[in-house]
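S.K.: Chains as they are written, first to last, in this note's numbering: chain A, 1 to 257; chain B, 1 to 393.
Hints may contain errors.
Calculated pairs, DSSO-like style, for lysine-lysine (alpha carbon to alpha carbon, straight line, at most 30 Å) [said to hold, decoys possible]:
id	chain 1	residue 1	chain 2	residue 2
1	A	153	B	97
2	A	256	A	3
3	A	106	B	133
4	B	216	B	366
5	A	106	A	64
6	A	106	B	96
7	B	2	A	105
8	A	61	B	134
9	B	2	A	158
10	A	239	A	256
11	A	64	B	133
12	B	207	A	75
13	A	197	A	239
14	B	320	B	207
15	B	96	B	203
16	A	153	B	2
17	A	105	B	63
18	A	64	B	210
19	B	46	B	97
20	B	2	A	106
21	B	263	A	64
22	A	64	B	272
23	B	63	B	263
24	B	263	A	75
25	B	96	A	105
26	A	61	B	272
27	B	317	A	61
28	B	2	A	197
29	B	207	A	105
These are computed hints drawn from the structure, not numbers from a lab. Note that the structure is predicted; figures quoted are calculated from it, not measured.
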Amino acid sequence: MSKLQNAFSHGKAFIPFITAGDPSLDVTEELIYAMEEAGANLIEIGIPFSDPVAEGVVIQKASKRALLSGTTTEKIFGMVERIRKNTDIPLAFMTYLNPILAYGKKQFLNIAGNLGMDALIVPDMPFEEQYELLPDCRANNIDLISLIAPTSKERIAKIAAGAQGFVYCVSSMGTTGVREKFSAEIRNMVAQVKEIKDIPCAVGFGISIPQQAREIASFSDGVIVGSAIVRIVEQYGSKAINHVRDYVCRMKEAIKE
Amino acid sequence: MKGRFGPYGGQYIPETLMRAVIELEEAYEFYSRDESFQNELENLLKSYAGRPSLLYFAEKMTKDLGGAKVYLKREDLNHTGSHKINNVLGQVLLAKKMGKNRVIAETGAGQHGVATATAAALMGMECVIFMGKKDMERQALNVFRMQLLGAEVRAVESGTQTLKDAVNETLREWSSRIEDTHYVLGSVMGPHPFPTIVRDFQKIIGKEIKEQLMEKEGRLPDAVIACVGGGSNAIGAFYEFIPHESVMLFGCEAGGLGVNTDKNAATIANGKVGVFHGMKSYFCQDQYGQISPVHSISAGLDYPGIGPEHAMLHDIKRAKYVPVTDNEAVEAFEYLSRTEGIIPAIESAHAVAYAIKLAPQMGRDKIIVVNLSGRGDKDVAQIARYKGVNINE
Numbered sequence: 001m002s003k004l005q006n007a008f009s010h011g012k013a014f015i016p017f018i019t020a021g022d023p024s025l026d027v028t029e030e031l032i033y034a035m036e037e038a039g040a041n042l043i044e045i046g047i048p049f050s051d052p053v054a055e056g057v058v059i060q061k062a063s064k065r066a067l068l069s070g071t072t073t074e075k076i077f078g079m080v081e082r083i084r085k086n087t088d089i090p091l092a093f094m095t096y097l098n099p100i101l102a103y104g105k106k107q108f109l110n111i112a113g114n115l116g117m118d119a120l121i122v123p124d125m126p127f128e129e130q131y132e133l134l135p136d137c138r139a140n141n142i143d144l145i146s147l148i149a150p151t152s153k154e155r156i157a158k159i160a161a162g163a164q165g166f167v168y169c170v171s172s173m174g175t176t177g178v179r180e181k182f183s184a185e186i187r188n189m190v191a192q193v194k195e196i197k198d199i200p201c202a203v204g205f206g207i208s209i210p211q212q213a214r215e216i217a218s219f220s221d222g223v224i225v226g227s228a229i230v231r232i233v234e235q236y237g238s239k240a241i242n243h244v245r246d247y248v249c250r251m252k253e254a255i256k257e
Numbered sequence: 001m002k003g004r005f006g007p008y009g010g011q012y013i014p015e016t017l018m019r020a021v022i023e024l025e026e027a028y029e030f031y032s033r034d035e036s037f038q039n040e041l042e043n044l045l046k047s048y049a050g051r052p053s054l055l056y057f058a059e060k061m062t063k064d065l066g067g068a069k070v071y072l073k074r075e076d077l078n079h080t081g082s083h084k085i086n087n088v089l090g091q092v093l094l095a096k097k098m099g100k101n102r103v104i105a106e107t108g109a110g111q112h113g114v115a116t117a118t119a120a121a122l123m124g125m126e127c128v129i130f131m132g133k134k135d136m137e138r139q140a141l142n143v144f145r146m147q148l149l150g151a152e153v154r155a156v157e158s159g160t161q162t163l164k165d166a167v168n169e170t171l172r173e174w175s176s177r178i179e180d181t182h183y184v185l186g187s188v189m190g191p192h193p194f195p196t197i198v199r200d201f202q203k204i205i206g207k208e209i210k211e212q213l214m215e216k217e218g219r220l221p222d223a224v225i226a227c228v229g230g231g232s233n234a235i236g237a238f239y240e241f242i243p244h245e246s247v248m249l250f251g252c253e254a255g256g257l258g259v260n261t262d263k264n265a266a267t268i269a270n271g272k273v274g275v276f277h278g279m280k281s282y283f284c285q286d287q288y289g290q291i292s293p294v295h296s297i298s299a300g301l302d303y304p305g306i307g308p309e310h311a312m313l314h315d316i317k318r319a320k321y322v323p324v325t326d327n328e329a330v331e332a333f334e335y336l337s338r339t340e341g342i343i344p345a346i347e348s349a350h351a352v353a354y355a356i357k358l359a360p361q362m363g364r365d366k367i368i369v370v371n372l373s374g375r376g377d378k379d380v381a382q383i384a385r386y387k388g389v390n391i392n393e
């Protein structure tokens with residue numbers, strides 16, 4: 001059974017993303033506690049990568065800040081170890097394939113599993129290449145999250161059939177970042193997944209205000225928000241904790257049924 | 001496995017782009033067997049690009065080096081001044097057949113950008129070129145050239161502001177717009193099917209070398225030398241000779257200030273296997289998998305990776321990859337200019353530099369072919385700066 005079930009069993013899930021080490025790992029740790037308090041159901045921890053091709057400018061800059069502050073995979077593991085002494089909130093790593101391979105995929109997933117990480121999201125690893133990590137994810141009880149995009153169309157059936165934990169529905173074309181409009185396709189994407197498999201669908205990319213979150217949540221199981229939160233961190237740095245807590249409260253409130 | 005060269009290659013890209021690469025693969029499979037497409041391309045290569053390019057016997061250079069006979073494959077004489085036009089004419093024609101009306105591309109030295117802008121002008125396509133800000137400064141002439149050809153040049157200010165960042169940004173742009181847009185990838189890299197498509201459009205170089213040398217010498221060369229960034233001119237020159245085990249293949253990587261310094265782009269010498277820009281291959285990276293900032297005097301070789309087919313050729317020891325430093329390349333740049341009256345691109349000068357080392361070690365009955373992938377007009381100002389000469393461009 002997926003450990004992520006917990007994240008989707010208390011109404012619509014709110015899933016925030018932050019980049020680990022932006023501006024420091026101490027702040028990241030505080031942000032995670034604050035977001036849990038504010039009602040987050042699953043938290044995505046970004047392991048920064050030098051060349052994040054799926055990210056818009058906001059998360060690109062956050063990755064750069066995190067790397068400049070000396071953040072490494074090992075130090076992030078250390079932070080998760082501390083966090084796990086205080087909370088069992090579902091946690092996912094989000095990173096690119098290369099940092100995982102460089103660490104050694106077996107070792108990376110073994111450590112992540114032992115630390116109690118629940119899921120892994122790898123934006124540059126589509127369905128066809130999932131075999132890279134699937135065996136080690138399974139061995140360590142970590143859900144490897146599948147993504148679908150507005151261009152996925154007939155690919156959705158096979159992706160959904162193999163999906164674990166939840167399906168990450170990419171709301172729009174392009175990279176991460178705040179948007180005003182979403183593809184009309186998202187509703188259909190969610191419906192297509194549900195036809196194949198009874199699995200939670202969370203929608204991400206571009207969502208930033210409560211109104212959008214409410215609308216998206218009306219036809220999905222959860223809302224993923226990254227850039228809007230990372231932007232608050234960018235603006236307030238180490239003083240971002242309360243601002244992020246307030247923001248997550250407002251977003252969570254908006255998606256309550 | 002599909003799109004694999006041994007363990008290398010693959011399609012490591014965001015889901016959003018999968019549709020585009022699958023569509024491209026299907027179209028390529030169809031048109032690569034379509035006679036009218038092939039005829040149209042052949043005609044463009046002949047009447048527009050100026051193929052076949054010459055195979056020139058560098059007699060003075062041969063005498064001076066006192067060893068193997070040196071031939072130069074004159075890709076520098078192609079329209080737009082480099083081998084890049086071979087791939088670009090193929091891809092832009094393919095894009096047109098696919099119903100696209102807009103092409104985007106990355107560029108390092110500007111050669112691929114110029115070639116893409118040229119083909120886009122010829123075939124009536126909208127064109128946007130992504131170029132690192134740092135490269136725009138060192139290749140200002142090519143920027144203006146692209147603009148003259150009607151292309152929009154977008155400065156990439158992220159990361160190291162060089163070729164890898166230009167690729168990042170072009171991939172990002174493509175993921176936001178695939179309906180009407182084709183990404184004309186410039187080298188044998190990126191996700192499948194690009195390494196195969198680009199190699200197929202470049203393999204004409206080696207095919208011509210073989211025919212031309214047969215005519216002149218009645219035999220195969222003993223060595224083929226080419227510079228390697230992503231590796232498109234090298235694979236183009238090598239491919240025909242891979243089954244001929246007697247032909248040694250040398251890829252010259254950018255050794256920058258030296259492979260033991262932190263200022264080089266010698267991927268095979270210093271890289272580790274990883275995944276980046278849609279492919280599994282060798283990449284210059286740190287212990288945590290962060291892609292390293294690389295350095296080369298040549299913007300076209302200033303790239304932290306290498307195409308997956310080269311990674312395989314290295315592993316099976318079919319080709320040998322050797323680093324050539326900035327200094328050696330500049331010396332070769334001047335040497336070929338003085339000796340043969342041919343100013344090579346600083347990229348190609350890396351291959352010339354290795355020929356200068358290799359020829360004297362080989363007998364006079366041996367034959368070396370150097371792929372002169374581009375001409376050096378674009379580099380003149382930079383070489384002057386490198387030598388401390390103040391010229392007013």
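S.K.: Against each hint, give a clear statement of whether it holds in the structure.
M.R.: We went through each hint and held it up to the structure:
no.	hint	in the structure
1	A:153 to B:97	holds (23 Å)
2	A:256 to A:3	holds (22 Å)
3	A:106 to B:133	violated (39 Å)
4	B:216 to B:366	holds (14 Å)
5	A:106 to A:64	holds (26 Å)
6	A:106 to B:96	violated (45 Å)
7	B:2 to A:105	holds (23 Å)
8	A:61 to B:134	holds (19 Å)
9	B:2 to A:158	holds (18 Å)
10	A:239 to A:256	holds (28 Å)
11	A:64 to B:133	holds (18 Å)
12	B:207 to A:75	violated (53 Å)
13	A:197 to A:239	violated (42 Å)
14	B:320 to B:207	holds (20 Å)
15	B:96 to B:203	holds (22 Å)
16	A:153 to B:2	holds (21 Å)
17	A:105 to B:63	violated (54 Å)
18	A:64 to B:210	violated (48 Å)
19	B:46 to B:97	holds (20 Å)
20	B:2 to A:106	holds (25 Å)
21	B:263 to A:64	holds (21 Å)
22	A:64 to B:272	holds (22 Å)
23	B:63 to B:263	violated (34 Å)
24	B:263 to A:75	holds (27 Å)
25	B:96 to A:105	violated (41 Å)
26	A:61 to B:272	holds (26 Å)
27	B:317 to A:61	violated (40 Å)
28	B:2 to A:197	holds (28 Å)
29	B:207 to A:105	violated (41 Å)
Checked against the numbered hints given earlier, this structure breaks hints 3, 6, 12, 13, 17, 18, 23, 25, 27 and 29; the rest are met.
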